Every structure is written in C-alpha cells, then in structure tokens.
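J.: Chains as they are written, first to last, in our numbering: chain A, 1 to 114; chain B, 1 to 113.
What the hints contain is simulated information worked out from the structure, not anything from laboratory work. Quick caveat, the model's predicted, so the values are computed rather than measured. For each residue, glycine too, the CB sits at the ideal point set by N, CA and C. Each hint can be trusted.
Pair ranges (Cβ atoms, derived):
no., chain 1, residue 1, chain 2, residue 2, range
1, B, Ser81, A, Asp63, 38 to 46 Å
2, A, Arg9, B, Ser81, 18 to 26 Å
3, B, Gln31, A, Gln41, 22 to 30 Å
4, A, Asp1, B, Asn27, 25 to 33 Å
5, A, Gln41, B, Gln110, 17 to 25 Å
6, B, Ser53, A, Thr100, 14 to 22 Å
7, B, Gln31, A, Leu55, 17 to 25 Å
8, A, Gln41, B, Ser81, 22 to 30 Å
9, B, Ser68, A, Leu114, 41 to 49 Å
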Amino acid sequence: DTGVSQNPRHKITKRGQNVTFRCDPISEHNRLYWYRQTLGQGPEFLTYFQNEAQLEKSRLLSDRFSAERPKGSFSTLEIQRTEQGDSAMYLCAGSPTPGTDTQYFGPGTRLTVL
Amino acid sequence: RKEVEQDPGPFNVPEGATVAFNCTYSNSASQSFFWYRQDCRKEPKLLMSVYSSGNEDGRFTAQLNRASQYISLLIRDSKLSDSATYLCVVGGLMDTGRRALTFGSGTRLQVQP
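All chains should be built: construct the whole structure from the sequences, respecting the hints.
T.: Structure (structure tokens):
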C-alpha cells in the first residue's frame with residue numbers, strides 16, 4: 001500500500017456531465033502527478049504539481065480539464081462536459097523530493113462516460 | 001516512434017519457466033529506469049529500479065544498457081502470481097523542469113499451471 005488514496009474508485013456518468021476526482025497523497029509527496037490510462041496503453045501524463053503550484057500541463061489536457069492542489073496536500077481533477085473519449089482510468093501519483101523519479105500510484109478512478 | 005517501446009505480448013509460459021522482457025527507449029538523456037508491475041484493473045506498482053550495473057531482487061533481475069538504450073527484465077522460476085503486465089518506465093528531467101516518467105505500453109505475462 002503506497003498510502004495514496006483516490007476517490008471515487010469508479011464513476012459512471014452521462015455525456016455532458018461534470019465530474020470531479022480527488023487524490024490524497026502522503027505528506028512526504030511534494031510532487032503530485034495525474035495520469036490517464038486507457039486499455040492496452042501505459043499511463044499518459046496529464047499534469048504535475050510541486051506543492052500547490054501547477055507547473056506543467058500536457059497537451060492531452062483540454063480546456064475541459066482542470067486540476068487544483070490548493071494547500072499542497074490533496075488534489076482534485078475536474079472534467080467538464082464529459083465526452084465518451086474521456087472514459088479511462090485516472091491515476092494520481094506522488095513523489096517525494098528531492099532527487100528521485102520514483103512515483104507511487106493511488107488505486108485510480110475508473111471513469112465511464114455513457 | 002514511441003519514446004518507450006515494449007513487445008506487448010502476451011507471453012504465455014509454464015510455471016517454473018524463465019522469461020525475459022525487453023524494452024528500448026529513445027531519449028538518450030534519460031536518467032532513471034524502472035520496471036513497474038500492473039495487475040488487471042489495478043494501479044502500477046514499482047517492481048524495481050534499474051541500474052547500469054544490473055540489479056537483482058530475488059527471482060527478478062534487471063539490466064540497463066545505456067549505449068544501446070535498452071532495458072531488460074528477467075524472471076526466473078515463474079509463479080502463477082507473476083501473471084501481470086510489466087511496464088518499462090524511463091525518467092528524467094524535462095526542459096520544463098519537471099521530473100517525468102514515460103511509460104511503455106506494457107508486456108503482458110500469463111504464467112500457466
């Protein structure tokens with residue numbers, strides 16, 4: 001158990017609805033990453049926080065996606081006006097600093113958009 | 001060309017067999033290397049880091065060849081519980097200042113009784 005938790009674990013929604021996911025890393029994880037994973041692929045980077053600062057966003061992250069980490073602890077990922085193509089596993093990973101690339105993943109939120 | 005390439009498999013092997021997975025990466029500036037294991041519908045979990053000198057953890061041996069940009073994982077005496085997808089992962093410092101991991105698509109292993 002990495003100590004990283006994510007909620008909800010599963011979300012089924014209708015196209016056009018907004019959804020929000022939460023990630024709680026452990027306190028040592030200054031760096032927090034969001035990934036998306038579809039079947040048969042490895043995780044793809046979405047966005048990255050160093051403490052509360054969002055330092056980078058992937059081109060995969062359209063305007064419908066927004067992420068926050070308001071106090072440098074938990075993070076939320078919101079998808080507005082969901083589309084069927086958003087169906088995927090959304091993974092959060094934490095990493096301590098400095099000097100290590102190792103990331104520890106939460107269990108993920110599986111999103112199904114009908 | 002993908003940044004990290006793996007044979008998707010599946011590799012179907014009997015219990016007790018030795019199986020080897022290979023992976024190549026395209027970014028010669030990559031600084032860190034890992035194998036992660038992912039069970040069906042679960043999150044990736046760190047299996048082991050990979051060093052140029054090679055490293056071993058029980059039945060698992062990982063090797064890195066920086067000159068060829070090639071990473072390998074050897075599993076000896078396969079167990080049923082080794083059945084999973086093995087993700088080759090490469091890390092480093094991006095131009096943006098982000099320390100990033102890039103994942104391969106994974107190689108699926110099925111160990112059969």
